[in-house]
Amino acid sequence: MTIVEHLPQTKRGIGFVSVVALAAWFGAYALNERLWDWLLYDRIGLDSETRPASALHFFLYDTAKIALLLTGIIFVVGVLRTFITIERTRALLGGRREGVGNVMAAGLGVATPFCSCSAVPAFIGFVGAGVPIGVTLSFLIASPLVNEIAIGLLWTTFGWDIALLYVAAGLTIAIVAGWVLGRMGVERWIEPFVLRSQTARPNLLASGGGSDTGGVAVETKPSAQLRVRIGLDEVRAILGKVWPYLLIGVGLGAVIHGWVPSDFFAAHAGPDNPFGVLVAVVLGVPLYSNAAGALPLVEALADKGVPMGTLLAFMMSVVALSLPEMVLLKRVLKLPLLGSFVGVVALGIVAVGYLFNFILT
Amino acid sequence: MNIKVLGSGCANCVRLEANVKEALAATGIADATVEKVTDYADIAAYGIMSTPGLVVNGHVLVSGRVPVADEVATLLAAAR
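These protein sequences, in sequence, are chains A and B.
Per this note's numbering, the first sequence starts with residue 583, numbered consecutively.
Per this note's numbering, the second sequence starts with residue 39, numbered consecutively.
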């Protein structure tokens, strides 16, 4: 990547480039809507009253807006996360008793960089270091459930109070579900190779093992330049994965925005329908998407009268219960535990959906 | 030089393997073997907690992120 090759080496240089980039980002974000207004309505001359024109405008504007938000959020979170390692999280959680451990694990699950494909090594690493299984599960639930992209997008679309509710709900579900599963005595449902202590011990290097990184890697603390490179790399990786979902999500959102009558959903999925939340959660499970794809849809549906609790439940279901992660976890968790895991989390999401519908009306 | 890429096949470990190959080409190291380790029990034996992992001559150099090709090249050169 040519940008990456030309990044300054000094902290001051990085700082300068960051300020310029930040200014450019804010400028782009503020001018976004006006750009499309000008391009479509002034330059090309479309009539903003017609549905196709309005839908097209929404599609372009929302895609650009979300792409900008994604870039900003992923980059900032990516850089911040270079300060926390999963090995350090393990050190913090090792030997903690349940209760307190569940709360810490949930919080750390949100902050620690962790990709779903690492679910198995992370699980093995935690359990091997003496972290109780319930506490480990709180970490594994919180991580995908409280998604930083979802927080950012919810904040900008619905306000900080909704975003905060989402975080609080996600943390609560992770803490309670992890604790409940821990109480169920689930050791017998874990694949034996995980519990065999030999394989779970960290590989201490002859030269400098036992540091707070768990003595595993010879990595020194990343330089400022490296942190920025990691952030940029995260943006490239995630945007590269997410853009088709984003386009589909915004496309669907645009169609709903333009063609579905207002309050259409209020009749069928509104606060009067007791099954609304259940349907939303069930729909979310097979939908493998991510917050970027789900948010435009959620935004459009909210506009047409679907209650906020139902929508939050839908979004949590889409991002937290992902089939690929379940398939991976199957290698360490036997079916009864995996089933309980999905069941308890789904139950938590449903409860949150009903609770929020109740509170927010 | 023995290089192992630890990971179970998700996009990150594929990228790491590609970066390793690119780094090898760039540094001209000819006598290196590159292996993919995908079995979780084997990966666990290295003690890493997040994939992908880069192991050179038995030492874990990077875990949990994908280093870019020139960072891999620097690490490989240092490991000779």
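Accuracy of the hints is not assured; some may be wrong.
[Claimed, not checked] Straight-line alpha carbon distances no greater than 27 angstroms define the calculated DSSO-like cross-link-like pairs of lysine-lysine that follow: (1) LYS916/A / LYS74/B; (2) LYS912/A / LYS74/B; (3) LYS912/A / LYS823/A; (4) LYS647/A / LYS823/A; (5) LYS803/A / LYS593/A; (6) LYS916/A / LYS59/B; (7) LYS823/A / LYS74/B; (8) LYS74/B / LYS59/B; (9) LYS59/B / LYS803/A; (10) LYS916/A / LYS647/A.
[As the list claims (entries may be wrong)] Facing chain B, from chain A, some residues (calculated, C-beta under 7 angstroms): (11) ARG670; (12) VAL702; (13) ALA704; (14) GLY707; (15) PHE775.
Because the hints were derived from the structure by calculation, they are not lab data.
Virtual Cβ for every residue (Gly too), placed ideally from N, Cα, C.
Taking the hints in turn, this is what the structure says about them:
Simply put, LYS916/A and LYS74/B have alpha-carbon atoms about 26 angstroms apart, close enough for the 27 angstroms limit, and the pair holds. Distance check on the hinted pair: LYS912/A and LYS74/B sit about 21 angstroms apart at the alpha-carbon level, within 27 angstroms; holds. The suggested pairing of LYS912/A with LYS823/A holds, with an alpha-carbon distance near 24 angstroms, which does not exceed 27 angstroms. Our distance criterion of 27 angstroms between C-alpha atoms is met by LYS647/A and LYS823/A, whose separation comes to about 18 angstroms.
Proposed proximity of LYS803/A and LYS593/A is supported: the alpha carbons are some 14 angstroms apart, at most 27 angstroms. With a C-alpha separation of about 37 angstroms, the suggested pair LYS916/A and LYS59/B falls outside the 27 angstroms cut-off, and the hint is violated. About 23 angstroms separates the Cα atoms of LYS823/A and LYS74/B, which keeps this hinted pair within 27 angstroms; it holds. For a cut-off of 27 angstroms, the pair hint linking LYS74/B to LYS59/B stands: about 12 angstroms separates their Cα positions.
Note on LYS59/B and LYS803/A: the hinted pairing holds, with a Cα-Cα distance of about 25 angstroms set against a maximum of 27 angstroms. Simply put, LYS916/A and LYS647/A have alpha-carbon atoms about 42 angstroms apart, too far for the 27 angstroms limit, and the pair is violated. Given hint, ARG670/A at the interface with chain B, is violated; its Cβ is 10 angstroms from that chain's nearest Cβ, farther than 7 angstroms. Checking VAL702/A against chain B: minimum C-beta separation of about 5 angstroms stays under 7 angstroms; hint holds.
Interface hint status for ALA704/A: upheld, as the beta-carbon distance to the closest one in chain B is roughly 5 angstroms, under 7 angstroms. Satisfaction of the interface hint for GLY707/A is found here, the shortest Cβ-Cβ separation to chain B being roughly 4 angstroms, below the 7 angstroms cut-off. A distance limit of 7 angstroms between C-beta atoms decides the matter here; for PHE775/A the minimum to chain B is near 5 angstroms, and the interface restraint holds.
The structure fails to meet hints 6, 10 and 11 from the earlier list, while all remaining hints are met.
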